[in-house]
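*Asks:* In order, the protein sequences belong to chains E and V.
Using my numbering, you'd call the opening residue of the first sequence number 1 and step up by one each time.
Using my numbering, you'd call the opening residue of the second sequence number 1 and step up by one each time.
The set of hints was computed from the structure by calculation and includes no laboratory data.
The C-beta atom is built at its ideal place from N, Cα and C for all residues, glycine as well.
Accuracy of the hints is not assured; some may be wrong.
Covered, in the sense of this in silico footprint (three residues per stretch, anywhere, with C-beta under 8 angstroms from a C-beta of chain V), are these stretches of chain E [to be verified]:
| # | stretch |
| --- | --- |
| 1 | 71-78 |
| 2 | 100-111 |
| 3 | 127-139 |
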Amino acid sequence: MRLFKIILGVAVVGILGFLGIKEIIADPVYFLELFLGGLTRGSIYALIALGYTMVYGIIQLINFAHGEIYMIGAMTALIVASVLGLWGWNSAVIVILAFVFAIVYSCAYGFTVEKIAYMPLRTAPRLSALISAIGMSLFLQNYVMLAQTSEYMPFESLIPDFKFWEPFSHIITSVEMTIIVTTVIVMILLGILIKFTKIGKAMRAAAQDKIMASLVGINVNRVISTTFVVGSATAAIGGVLIACHVGQINFYIGFLAGLKAFIAAVLGGIGSIPGAVLGSLVLGISESMFTGYFWSEYEDVFAFSILVIILIFRPSGILGRDETSKV
Amino acid sequence: MVTKKEIKLSFFIGLWFMVLTFPIMVIKVNTITNTVIFRWPNLLWVGIVCFFASLIWNYLLRMKEEKKKADTKDDIPIVHRLLQNEKFKIPFLAALAIFFLLYPFVFSMYHTSILISALIYVMLGLGLNIVVGLAGLLDLGYVAFYAVGAYTYALLNLHFGISFWVVLPISAVFGAIAGTLLGYPVLRLRGDYLAIVTLGFGEIIRIVLENWDDFSNGPRGIGNIPAPSFFGHQFGQHDSVIYIYFIVIGLVLMTIFFVNRLENSRIGRAWIALRDDEIACQAMGIDKFKTKLTAFTLGATWAALGGVVFAAKTSFINPMSFTIWESITILCVVVIGGMGSAIGVIAGALVLILLPEYLRAVAEYRMLVFGALQVIVMVFKPEGLIRSVRKIYKFKKVKE
Numbered sequence: 001m002r003l004f005k006i007i008l009g010v011a012v013v014g015i016l017g018f019l020g021i022k023e024i025i026a027d028p029v030y031f032l033e034l035f036l037g038g039l040t041r042g043s044i045y046a047l048i049a050l051g052y053t054m055v056y057g058i059i060q061l062i063n064f065a066h067g068e069i070y071m072i073g074a075m076t077a078l079i080v081a082s083v084l085g086l087w088g089w090n091s092a093v094i095v096i097l098a099f100v101f102a103i104v105y106s107c108a109y110g111f112t113v114e115k116i117a118y119m120p121l122r123t124a125p126r127l128s129a130l131i132s133a134i135g136m137s138l139f140l141q142n143y144v145m146l147a148q149t150s151e152y153m154p155f156e157s158l159i160p161d162f163k164f165w166e167p168f169s170h171i172i173t174s175v176e177m178t179i180i181v182t183t184v185i186v187m188i189l190l191g192i193l194i195k196f197t198k199i200g201k202a203m204r205a206a207a208q209d210k211i212m213a214s215l216v217g218i219n220v221n222r223v224i225s226t227t228f229v230v231g232s233a234t235a236a237i238g239g240v241l242i243a244c245h246v247g248q249i250n251f252y253i254g255f256l257a258g259l260k261a262f263i264a265a266v267l268g269g270i271g272s273i274p275g276a277v278l279g280s281l282v283l284g285i286s287e288s289m290f291t292g293y294f295w296s297e298y299e300d301v302f303a304f305s306i307l308v309i310i311l312i313f314r315p316s317g318i319l320g321r322d323e324t325s326k327v
Numbered sequence: 001m002v003t004k005k006e007i008k009l010s011f012f013i014g015l016w017f018m019v020l021t022f023p024i025m026v027i028k029v030n031t032i033t034n035t036v037i038f039r040w041p042n043l044l045w046v047g048i049v050c051f052f053a054s055l056i057w058n059y060l061l062r063m064k065e066e067k068k069k070a071d072t073k074d075d076i077p078i079v080h081r082l083l084q085n086e087k088f089k090i091p092f093l094a095a096l097a098i099f100f101l102l103y104p105f106v107f108s109m110y111h112t113s114i115l116i117s118a119l120i121y122v123m124l125g126l127g128l129n130i131v132v133g134l135a136g137l138l139d140l141g142y143v144a145f146y147a148v149g150a151y152t153y154a155l156l157n158l159h160f161g162i163s164f165w166v167v168l169p170i171s172a173v174f175g176a177i178a179g180t181l182l183g184y185p186v187l188r189l190r191g192d193y194l195a196i197v198t199l200g201f202g203e204i205i206r207i208v209l210e211n212w213d214d215f216s217n218g219p220r221g222i223g224n225i226p227a228p229s230f231f232g233h234q235f236g237q238h239d240s241v242i243y244i245y246f247i248v249i250g251l252v253l254m255t256i257f258f259v260n261r262l263e264n265s266r267i268g269r270a271w272i273a274l275r276d277d278e279i280a281c282q283a284m285g286i287d288k289f290k291t292k293l294t295a296f297t298l299g300a301t302w303a304a305l306g307g308v309v310f311a312a313k314t315s316f317i318n319p320m321s322f323t324i325w326e327s328i329t330i331l332c333v334v335v336i337g338g339m340g341s342a343i344g345v346i347a348g349a350l351v352l353i354l355l356p357e358y359l360r361a362v363a364e365y366r367m368l369v370f371g372a373l374q375v376i377v378m379v380f381k382p383e384g385l386i387r388s389v390r391k392i393y394k395f396k397k398v399k400e
């Protein structure tokens, strides 16, 4: 079976590699555009996937409402930016305030959702927590739809076209460049948070063993809340950036983005932070290639097929470890 | 009953929610005309509602804790007790039978048609109950199998002119095959991945149906699907609704019978055991994978049957009838009605589908309420509206 898998893998990579090289030689600029587009897409997935993977690492729950947190971040930014824009504020101030409000509100929502829907179910069977998460997701979507609108709302890009970027802007726009750079900065900050701070250490401890962590004096409930808040903050950044990139949002954007990010997290190995980033980039780039060279209408089908294929051949993901269930 | 401390806490929670919902509830931006409306009354409402909701929430949480401590003997729900009572059971079932028999002749076609859709949901709910309630597998793409059934009938009829009664078993087989094909790779994995993969599968089916024009006629859908015939006799429009109504009643009765028999059979007990503890169950010699696959396939079969009836009833189907919301509605029926409890699911389907139909004014809040109910039911009453009752042996003293 193992040999079969290796042969199959080599064959698939070989065929794809051959076709890929042929295409690259035929039209290198198109390939570069697709690659950079995929990188942008992957960066956004990474910002959302972090929240999934961190929460899963600690409480082994798929936080279905995470995509909605991302949507609320984008929505808040849109509302703040439009109101301040109408009041005639300076555009630089608007950008900063929109980001700040989006992050603060997403964190608050993430925190509240955890307290309402997940905390009472800490000891309940996993199925209950999962159903509660789906209910929360459904509630938040409909809450935004009823309070605002079900139509798409145009989102004026908060990020200006930078002057110094003009020579490269035919390959990659300044918005895309900003997305990639911001993602890298967020990743570095998050890495520092997890590796070197006290709360990061507590998070890692809680992920390994919650009972043991509480025995050595870690407030596990607070750690879980912090995880939700940090995950929501990165999702909000992703939400605002993607809204700038796409130019329109509605109440439904969180659903598909959340699913894709989850697929990316599984691809990289759920529970692992570098895995989530790697998985997101791989998913983003391969999706971009697929839509560019094959059928664009089957984009989502492609992502789900990837999920099924990984789950069959390597359920622990690229960087994940094999887990055996214990009694 | 309510302490001062709790009131204070609820006051702050109310304030917290007022801040939390401020941008989305109060400000409404119209990006086309560039106007902003501030809806201040909403803020007050949010505060008041959240204050009382928090009071009730805390009270219920406390009650739950106390109940856990008191460790009362589990009381059987009133519906089950009534049904076990022989004196009550027969007249009750007779009344129910008469009500459902006379329903289409007393009420208008509109009401009958609504009841048919509710009964289709009863069927779907009972099918999903096998998967979610008994076997504990969260299936979020249930509607995919429903679509398989509906399209099987529509396409076979369109191309080969095969009639309803012939398609019914064929579609059941197709549903079972689809269930096996999807279940085979995924069921080896841990439970929570299943939710995502089935969700993905549901979406894939819909996207393929929407884009593969030659096969499914794309988003335009397939129309003129004939209603079922009675030994070659085709009814008029009004009679055919009544006819379908009785077919659905028959199918629902068949489903109830099957589910009831399954639940107390060897395989049904294996499902429940597997849901409660996988490892202990395997140690008892139950093939985990095969048992799960059986549940998944049986669930898919029922969805496909429901799909055929749906296609016959509406006589027009397109991919828009098979969105993720449909799956979630069916899941709500099962969860809110009571996972694993057939009576609960039936009651859940009738209440959750009929109420929004008749309360048109609040129908747009349907999904909001469903979402909130899912969370509330899971937190306070995970067993649902009507709890399932496991069959237990009772020893009767032998009269000497």
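*Asks:* Are the hints correct? Go through all of them and say.
*Replies:* Going down the list of hints, with the structure as the test:
no., hint, verdict
1, 71-78, "holds (count 4)"
2, 100-111, "holds (count 4)"
3, 127-139, "holds (count 12)"
Hint compliance for this structure: no hint is broken.
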